[in-house]
Amino acid sequence: MSNQGWHEQLRRGALDLAILASVAPEPRYGLEIIRRLEDFTDLVVTEGTVYPILARLTHDGLLEARWTTGESSHPRKYYRLTAPGRRALDDMIGDWQVFTGKIDRLIDASGRSSHGTR
Amino acid sequence: MELGEAGKARVRGYLYVLERSLRSFLPRDVVADAVREIETHVADRVAAVEANPDERTALERILTELGPPLRVAQAYSAELTLDEAIATGRIGATARSLWHFAVNSVAGFFGAIGLFIGYTLGLAFLAIAALKPIFPQNVGFVMHDGWLTGVGAQIALRPGESIVGGYWIIPLCAAIGILMLVGSHRGARRFLGWFRDRRDQRLRTTSAAVQDGAVGRV
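First to last, the sequence lines map onto chains A and B.
Position 111 of the first sequence, counting from 1, maps to 111 under the working numbering, and the rest follow consecutively.
Position 169 of the second sequence, counting from 1, maps to 169 under the working numbering, and the rest follow consecutively.
The shape of chain B in the complex, shown without the other chains:
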């Protein structure tokens, strides 16, 4: 079968969505290679179909069996980053997986925001611990008229403000920072594990649909 303009446009649209989705977590050269391979797959499948008056149905079957572009992208994410992130907890793989889910789902977006806050707070507490010996008079608990208004470094104090806290805040902030980073990272791995379980659940649904004959073969 040879595709008409409408069929070619449909394939281009599929590949465009796939490429945009893959770009969120894979390097450009890997994305280009993956998209080229899927394009070749579609071309081979189309070429294997005998001339068909109902080109649209035949092409949709090919694309259905290939899987939605977002599902294929998720599978790339799962194979190349997700399992690595969950199994090893490597920062790079975890960050790439979180970014992918943050830009592809609502739950992923809000989960990633929460984890980002956790990581940032952890780093901020570590920064306080590191800055205290350098700026002993400007790092600590910021008090305003006897009320605690913040924690951190304040170089220029406004009227009524004062810095409270001796060197004892160094181990305290270091401990809080480490605990927050470890907690956030464990949370990230659990979050990614939950996403993987959800993906597997969807895969099982697809499997059941195929076995029930909902998806036919060309």
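Same shape as in the complex, but just chain A:
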């Protein structure tokens, strides 16, 4: 049986957390965020679908966006965490750690290693 559907749900569920975590250290623009996600995760399937998520997180008040001309010849849209965004990220990280911790314990109890190779 294919687990593509499950994998896709997992990916979609984790993307918000991953994007917020990507801009937590410092403001970043879209391509930087995508590069960071690609460096650390396999979450980016289609680059263009990250921008709508950034738009939603901005719309929800978790991110603040600003066009800035930095070292580039053209302006770039930089995203930074807002105070509600930082609180949401803290909550999501806490939830994620509790969730994965419990699932790891369950997997360990089932006799399968939760840190095995994939």
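Simulated from the structure, these hints should not be mistaken for laboratory data.
Ideal Cβ positions, reconstructed from N, Cα and C, are used throughout, including at glycine.
Accuracy of the hints is not assured; some may be wrong.
[What the hints assert, rightly or not] Only part of the chain A face toward chain B is listed, based on derived beta-carbon distances under 8 Å: (1) 30; (2) 46; (3) 48; (4) 49; (5) 52; (6) 53; (7) 56; (8) 59; (9) 76; (10) 77; (11) 108; (12) 110.
Here the structure of chain A is known, so what remains is to put chain B in place on it, guided by the hints.
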């Protein structure tokens, strides 16, 4: 890499399709901002590629990794309106999502037509219930020579026509109207949910293609 005229035209074409598609469901200022951001993305990706004799292939890879403009527009729709419509059932979000699908797909067009008819009939029945106390002699079942020919308000009756139905049609039409509106709205949310599942299915296909190496990296 610096794009030649053909490459610039290809990027302009991509952005044009994206803009036209986004305009069907997003405000103009949001569309302009989104298109500008995607344009910046493409410019940054192009600038990061070393001088390449095969500009066309390099640019197509960049645009492939970005995703087709309609897919990107659908993702905007999904993030900004679709999930909100399905989760909350808000009228505005539902209407924007339906409009987007109606103008972008055949199934969406016919589905939206059906739902539009359902909503309109629901409102029409409510209007009958509201008009009956105001025009008691002109609102009800329209009969022509003993045959039912319509329901509603008829100010000028033609020869052989008569209006049948007392005030009891008010609760009847109100109930039918509410049921049709609720039914249409539930149908709309289910319809949008079906579209979201279909989109996720396509995303999974893309994901599988990327994992299989069908889409390379520049």
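Comparing the hints with the structure gives:
1. At its closest, the beta carbon of residue 30(A) sits 6 Å from a beta carbon of chain B; the interface hint therefore holds under the 8 Å criterion.
2. With a cut of 8 Å, the hint placing residue 46(A) at the interface with chain B holds, because the nearest CB-to-CB distance is about 4 Å.
3. This hint holds: residue 48(A) has a C-beta 4 Å from the nearest C-beta of chain B, less than the 8 Å allowed.
4. Restraint check, residue 49(A) versus chain B: the minimum CB separation of about 4 Å is within 8 Å; hint holds.
5. Taking 8 Å as the C-beta cut-off, the interface hint given for residue 52(A) holds, the closest approach to chain B being about 4 Å.
6. For the restraint placing residue 53(A) at the interface with chain B, the shortest Cβ-Cβ distance is roughly 6 Å, inside the 8 Å limit, so the hint holds.
7. Hint status for residue 56(A): holds, given a least beta-carbon distance of 4 Å to chain B, under 8 Å.
8. A hinted interface residue such as residue 59(A) counts as satisfied when its beta carbon comes closer than 8 Å to some beta carbon of chain B; here the least separation is about 7 Å, so the hint holds.
9. Residue-level restraint check for residue 76(A) holds (minimum Cβ-Cβ distance to chain B is 6 Å; threshold 8 Å).
10. For the restraint placing residue 77(A) at the interface with chain B, the shortest Cβ-Cβ distance is roughly 5 Å, inside the 8 Å limit, so the hint holds.
11. The beta carbon of residue 108(A) comes no nearer than 28 Å to any beta carbon in chain B, farther than 8 Å, and the hint placing it at the interface is violated.
12. For residue 110(A), the interface hint is violated, the least distance from its beta-carbon to any beta-carbon of chain B being 27 Å, above 8 Å.
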